[in-house]
Amino acid sequence: MVNVPKTKKTYCKSKECKKHTLHKVTQYKKGKDSLAAQGKRRYDRKQSGYGGQTKPVFHKKAKTTKKIVLRLQCQSCKHMSQHAIKRCKHFEIGGDKKGKGTSLF
Numbered sequence: 001m002v003n004v005p006k007t008k009k010t011y012c013k014s015k016e017c018k019k020h021t022l023h024k025v026t027q028y029k030k031g032k033d034s035l036a037a038q039g040k041r042r043y044d045r046k047q048s049g050y051g052g053q054t055k056p057v058f059h060k061k062a063k064t065t066k067k068i069v070l071r072l073q074c075q076s077c078k079h080m081s082q083h084a085i086k087r088c089k090h091f092e093i094g095g096d097k098k099g100k101g102t103s104l105f
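For the sequence shown, my numbering begins at 1 and goes up steadily by one.
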């Protein structure tokens, strides 16, 4: 299990800051797919009418986890940056800290 604090002091590379400042940490999430994207328009046009599925549907999934991407927002200038960390199955932001010789359960 990966536990990340809600704030992190790290370097901000915006034009205003260019120094180490406090950043608010959130988890990146994929946005909604656009219906106006060229690939989606082409796919919908090809799918319409008779003939069933026209493109192969991918089934050979190999990975069981995704890489975690942190969104860091500078608290002084609101500049956003992203930082990818390792793969993990369980991830939380601002959870209880693990003490020495104690378990979380």
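Read the hints as simulated data drawn from the structure, not as lab findings.
Ideal Cβ placement from N, Cα and C applies to all residues, glycine included.
There's no promise every hint is true.
As the list claims (entries may be wrong) - Straight-line distance between alpha carbons at most 30 Å, and here's what the computed DSS-like set of lysine-lysine pairs gives:
1) K86 with K60
2) K78 with K8
3) K98 with K32
4) K60 with K78
5) K40 with K24
6) K18 with K6
7) K61 with K9
8) K78 with K40
9) K61 with K98
10) K61 with K78
11) K8 with K46
12) K78 with K100
13) K18 with K40
14) K32 with K19
15) K78 with K63
16) K6 with K60
17) K32 with K60
18) K61 with K13
19) K86 with K15
20) K89 with K66
21) K32 with K66
22) K40 with K6
Said to hold, decoys possible - Label pairs and their in silico Cβ distance ranges:
23) G49 with K8: 18 to 26 Å
24) K13 with R45: 39 to 47 Å
25) K60 with K13: 35 to 43 Å
26) P56 with P5: 23 to 31 Å
27) G49 with I85: 42 to 50 Å
28) G52 with M80: 29 to 37 Å
29) K13 with D96: 48 to 56 Å
Okay, the hints, checked on the actual structure:
For the proposed pair K86 and K60, the alpha carbon gap of about 22 Å is at most 30 Å, so the pair holds. Distance hint between K78 and K8 is fulfilled; the C-alpha atoms sit about 14 Å from each other, no more than 30 Å. Note on K98 and K32: the hinted pairing is violated, with a Cα-Cα distance of about 36 Å set against a maximum of 30 Å. Of the supplied pair hints, the one linking K60 and K78 is violated, its CA atoms being roughly 41 Å apart against a limit of 30 Å.
A hinted pair counts as satisfied when its Cα atoms are at most 30 Å apart, and K40 with K24 does not qualify at roughly 35 Å. Among the hinted pairs, K18 with K6 is consistent with the structure: their alpha-carbon atoms are about 22 Å apart, no more than 30 Å. Only pairs whose Cα atoms come within 30 Å are accepted, and K61 paired with K9 is rejected, the gap being roughly 37 Å. Distance restraint check for K78 and K40: the Cα-Cα separation of roughly 33 Å exceeds the 30 Å cut-off, and the hinted pair is therefore not satisfied.
Of the pairs offered as hints, the one joining K61 and K98 is violated, with about 34 Å between alpha carbons and a cut-off of 30 Å exceeded. Between K61 and K78 the CA atoms are separated by roughly 37 Å; this puts the pair beyond 30 Å, and the hint is violated. Simply put, K8 and K46 have alpha-carbon atoms about 48 Å apart, too far for the 30 Å limit, and the pair is violated. The suggested pairing of K78 with K100 is violated, with an alpha-carbon distance near 36 Å, which exceeds 30 Å.
For the hint pairing K18 with K40, the CA-to-CA distance comes to about 40 Å; that exceeds 30 Å, so the pair is violated. Taken as a hint, the K32 and K19 pair is broken in the structure, with Cα atoms around 34 Å apart against an allowance of 30 Å. This hinted pair does not check out: K78 and K63 have alpha carbons roughly 34 Å apart, beyond 30 Å. Among the hinted pairs, K6 with K60 is inconsistent with the structure: their alpha-carbon atoms are about 36 Å apart, more than 30 Å.
Proximity of K32 to K60 is assessed by CA-CA distance (about 24 Å); at most 30 Å being required, the pair is judged to hold. A C-alpha spacing of about 37 Å is found between K61 and K13, which places the hinted pair above 30 Å, so the restraint is violated. For the given pair, K86 sits about 29 Å from K15 by alpha-carbon distance, which is consistent with the 30 Å threshold. At most 30 Å may separate the alpha-carbon atoms for a hinted pair to count; K89 and K66 meet this at roughly 8 Å.
Taking the CA atoms of K32 and K66, the gap is near 18 Å; set against the 30 Å cutoff, the hint holds. For the hint linking K40 to K6, the alpha-carbon distance of about 37 Å lies beyond 30 Å, and the restraint is violated. Take G49 and K8: their Cβ atoms lie about 52 Å apart, and the range 18 to 26 Å is violated. Our hint of 39 to 47 Å for K13 and R45 holds, since their Cβ atoms are close to 42 Å apart.
Judged by the Cβ atoms, the range 35 to 43 Å given for K60 and K13 holds: they are separated by roughly 39 Å. Under the hint 23 to 31 Å, the C-beta atoms of P56 and P5, about 43 Å apart, miss the expected range. In this structure the supplied range 42 to 50 Å holds for G49 paired with I85, their Cβ-Cβ distance being about 45 Å. Between G52 and M80 the CB atoms are about 43 Å apart, so this pair departs from the stated range of 29 to 37 Å.
Range check, K13 to D96: about 32 Å between beta-carbon atoms, so the 48 to 56 Å window is missed.
Going through the hint list in order, the structure does not satisfy hints 3, 4, 5, 7, 8, 9, 10, 11, 12, 13, 14, 15, 16, 18, 22, 23, 26, 28, 29.
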